[in-house]
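Asks: So the protein lines, in turn, are chains C and Y. End of the first sequence sits at 279 in the working numbering; the numbers just go up one at a time, nothing left out. End of the second sequence sits at 559 in the working numbering; the numbers just go up one at a time, nothing left out.
Don't read these hints as lab results, they were simulated from the structure. Since the structure is predicted, the reported quantities are computational estimates derived from the model, not experimental observations. Incorrect hints may appear among the rest.
[Said to hold, decoys possible] Here are the simulated lysine to aspartate or glutamate pairs, DMTMM-like style, with alpha carbons at most 20 Å apart: (1) LYS285(Y) - ASP176(C); (2) LYS282(Y) - ASP176(C); (3) LYS282(Y) - GLU171(C); (4) LYS286(Y) - ASP176(C); (5) LYS129(C) - GLU338(Y); (6) LYS101(C) - GLU171(C); (7) LYS508(Y) - GLU338(Y); (8) LYS419(Y) - ASP340(Y); (9) LYS282(Y) - GLU168(C); (10) LYS286(Y) - GLU171(C); (11) LYS5(C) - GLU454(Y).
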Amino acid sequence: MKTRKAVNHVVFVLLCILIVLFLTPIFFIILNSFKGKLFISDNPFALPTAETFAGLSNYINGVEKTNFFAAFGWSLFITVFSVIAIILLTSMTAYYITRVKSKFTSLIYYMFAFSMIVPFQMVMFTMSKLANTLHLNNPWGMVILYVGFGSGLSVFMFSGFVKSIPIEIEEAAMIDGCTPLQTYFGVVMPILKPTAITVAILNAMWIWNDYLLPYLVIGVSTNYKTIPVVVQYLVGSYGAKDMGAMMALLVLAIIPIVIFYLACQKYIIEGVVAGAVKG
Amino acid sequence: MQKTLKKYFVVFTVPTLIAFCLAFVVPFVMGLYLSFCKFTTVTNAEFVGLKNYFRAFEEPDFLNATWFTVRFAVIAIISINVLSFVMALLLTRKIKGTNLFRTVFFMPNLIGGIILGYIWQSMINAILVNYGTTLVANAKFGYIGLIVLMNWQMIGYMMIIYIAGLQNVPTDLIEAAHIDGATARQTLFRVKIPMVMPSISICLFLTLSNCFKLFDQNLALTAGAPSKKTAMMALDIYNTFYGRSGFEGVGQAKAVMFFIVVATIALTQLRFTRSKEVEQ
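Chain Y on its own, in the form it takes in the complex (with noise of 0.2 Å):
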């Protein structure tokens, strides 16, 4: 059979290589060569070897991106984790109305991150406007908007897989436990979380890359202000991009490096939580 299909090469994966090709793979050759020259447009690029990434660490507001994306994405994992475990653990009681509950928490992740993030905008500002201040006055405002934010739109996600894991731990597991004299603490801690620790995996792996990778949510609530002060990483490579003509180099090295931190911290932490799992 396989002789027969090799010969179908063309038909079934030249199209989807063509188009793979188009978006990922010659910009991602390009963008790697590109991080070792100075240019504007793609055709007079001039190799300097690694100076652009020196620059990139002199700049103040890149290793200010950097600390804030860490800040912000530490605290957010960690709250949206404990928060919609929590809530799956809620729903999983068997109460009435869990289905509409369940419902409305999922929803605003299918809203997309620049709506989010306006929404977010006009109502926080609508708080502090009673306090004579507002969203951008205080770098502070926009870190824990952009938390709240963040746990709005992913806790319902979170919480769905969550759910799906706790409903796959077998009952007859759990009246063991029960049988045998545990707590429901000792149950939640000793033979419900083992039990879910591929839910845990895929939710960290998720929040990890969404967090560190964020960009909509940050451009659209607060776009850095005040001063660059709330802007992650990703908003600070476009604004190298796309707001300083001749720094173009310095933004593809700075690409690079956030390229390795994102997939060395999702690789590392894949590899870590899949060696808690336990086989069922």
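Only chain C is shown next, with the shape it has when bound in the complex (with noise of 0.2 Å):
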């Protein structure tokens, strides 16, 4: 036992060690956010000083060169639309296609878990000229395409989860008078309760960050620019680079989700465990 413990306190330092290497590109773009962009350069892991320290100038400009706040809006609205639609919607998909059986359902089940494997390369092109023709190219059209996209994932979790509630509950309902609209918010939603968490981190998490879908559909051109666009258009494409500004903005774009981990860890570490145990 004794052993154990020298061991313990050897891993332990260990572990301190690997926590400050994961935790050095994080504080290096916010040290460095704080440095004027002349001097960044220079000396990158250096403390800013008296004559590097820029304030918050790097931060006034990032936000009004890429419009961040707006950006952030629109993240914002897209990926909580989204979720919601696809929470709702998605449900009750996987609740018809298994209860209702039938070659027809079973040819839906299937066709979801398929898009699962296909990569977002094989369908780019010919989606966002499709989206382009039907004038989707607006944040509610990114909340349908997104519907689409996340389909797949979330109609598997939930038929799996589905599966699993005794159909006997639902009878006892639908002889009790309840519609099946009724009976599936009545009864089966609060039950799937569990797995709409986890179907929501998943998709929130993908949703916030996805760059190509928003950058395809909506373009660079618009107002309607999520986070990730207005990140890959200022540092990418802008020219002489601002390295202050893309420091700040690097920063704030990483804040919202910092917030949001730490606000809601159990449930999104819980449903990341459960979403790859099904999925």
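Please dock the two separately framed chains into a single complex, following the hints provided.
Replies: Here you go:
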């Protein structure tokens, strides 16, 4: 037992070193976001000094150049409404195709499962052309597309869970005179809540961070740019790079995620594990 | 009950199906067809048979991107899984602060690929500037940088899954091994690893598909520089579609091949590791 304790001390020190290594990139951008843009390349790992300290000017610069708060708003809008729509619509679909057994419903099920292994590049070009033809190049259009792209995994996960619900409960509700919609919203949906949280977290994570879909469909010339799109726009193609504004923008882009993570940590970690085990 | 529910087909499934068809089914079928066509927009397609596929194979950039993807994926998958498994073992020893460690190690996974790519790009450049060079000067830097970045992002995610797997190993099994005189090493290889095979197969699947399909991180870190030497398959396909007019058909043919490669590898791997799982 004594050796175990000693080993644990060594492990603890090792983990502390690892944690510092893990946080280095984050500290690096925070540190440099407060330095004047001309000083960043001089000594990137030094703390800001009186001479190099730039206050909030990088932040103001970055926010103005990209209209960051508007991007934040559109990111939030698209993510929230997409996740709500995905939860509501895909759980209903999953319920229907699990409870109504026919060749057609199992075909639908396999199509959803199949869509999970198809890389985005396969449909990228044709999908963005189709979306433009149908005028889906706006935030509500994005919500529709995200329901489409998110439905594979979501229907798959909800179906797995609906199978485990005893059908007797629903039958009892129907005998008592509930319509299928009342049964679904009154009886089934409350039982689905844990899976709904998992599905919501998995979808929110990728929609919030998604770059290619909003870039291709909405593009950079509208006001509906999301956070990943403005970051790429400022940093990737802005001609002469403003390192200061870039650092500040990266910090700003991380803040909402960190807050969300610290607030819902338990659900996120549980959701990710549950999602991995079922997927 | 089925009969009553059946009448509600439209309410329950049609909204999802419309979105699914718009985003996936129609573009997929069109994409499959267009890979055999010459076109610049979707409406002026002209059937050319397998020509696009032959042209894709004649491109050194595409072959190079494929080879780069394989070299990257193999090293990244091995390093991510080994490191995250070791860290999961360390974090199931009931050390103080376990929760804090877990929280921090998982965090990078939530940051988007574009943002991660630029964080690492600026940090690697800050290191390389001391040696008078930059990230895009040598394809080796981009290669190593991408592997380090993916490790940083995915280790925490895989670690969480391994921790859940390790916590599900029944303690009486480990105690029994201990009483029978098994060493720590024997317990690890004969008891713990066989018992967490389901977690291993999930983690391999996730790392495999994420590494092969990688795009955002690749675009942000090097965008393929120098001279497309660090472009992966997804980025090469993107460049073919949007960087060169007249090559849309070739891009679509590449995308179809990419899809077949990703699907085949993922399904083979799942079948292989599933067969190694022990019944609990």
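Asks: Are the Cα positions of LYS5(C) and GLU454(Y) separated by 20 Å at most?
Replies: Measuring from Cα to Cα gives roughly 18 Å; hence the hint holds.
Asks: Against the 20 Å threshold, does the CA-CA distance of LYS282(Y) and GLU168(C) hold or violate the hint?
Replies: Holds - the C-alpha atoms of GLU168(C) and LYS282(Y) are around 16 Å apart, at most 20 Å.
Asks: Would you check the hint for LYS286(Y) and GLU171(C), treating anything up to 20 Å between C-alpha atoms as holding?
Replies: Status holds; Cα separation ~16 Å.
Asks: Are the Cα atoms of LYS282(Y) and ASP176(C) separated by 20 Å or less?
Replies: Holds. LYS282(Y) to ASP176(C) sits at ~16 Å (cutoff 20 Å).
Asks: Sort out whether ASP176(C) lies within 20 Å of LYS285(Y), counting only the CA atoms.
Replies: Answer holds: LYS285(Y) to ASP176(C) is near 19 Å, not above 20 Å.
Asks: Given the hinted pair LYS282(Y) and GLU171(C), is their alpha-carbon gap at most 20 Å?
Replies: At roughly 12 Å apart (the allowed maximum being 20 Å), GLU171(C) and LYS282(Y) satisfy the hint.
Asks: Can the restraint linking LYS508(Y) and GLU338(Y) be considered satisfied, given a maximum Cα separation of 20 Å?
Replies: holds (13 Å)
Asks: Is the straight-line distance between the alpha-carbon of LYS129(C) and that of GLU338(Y) 20 Å or less?
Replies: With a Cα-Cα distance of about 26 Å, the restraint between LYS129(C) and GLU338(Y) is violated, given a limit of 20 Å.
Asks: Hint check: LYS286(Y) vs ASP176(C), CA-CA at most 20 Å. Holds or violated?
Replies: Distance ~19 Å between LYS286(Y) and ASP176(C) Cα, so the pair holds.
Asks: Given the hint that LYS419(Y) pairs with ASP340(Y), does the C-alpha gap stay at or below 20 Å?
Replies: Holds, at about 17 Å.
Asks: For a C-alpha distance cap of 20 Å, please report whether LYS101(C) and GLU171(C) respect it.
Replies: At roughly 16 Å apart (the allowed maximum being 20 Å), GLU171(C) and LYS101(C) satisfy the hint.
The structure does not agree with numbered hint 5 stated previously, though it agrees with all others.
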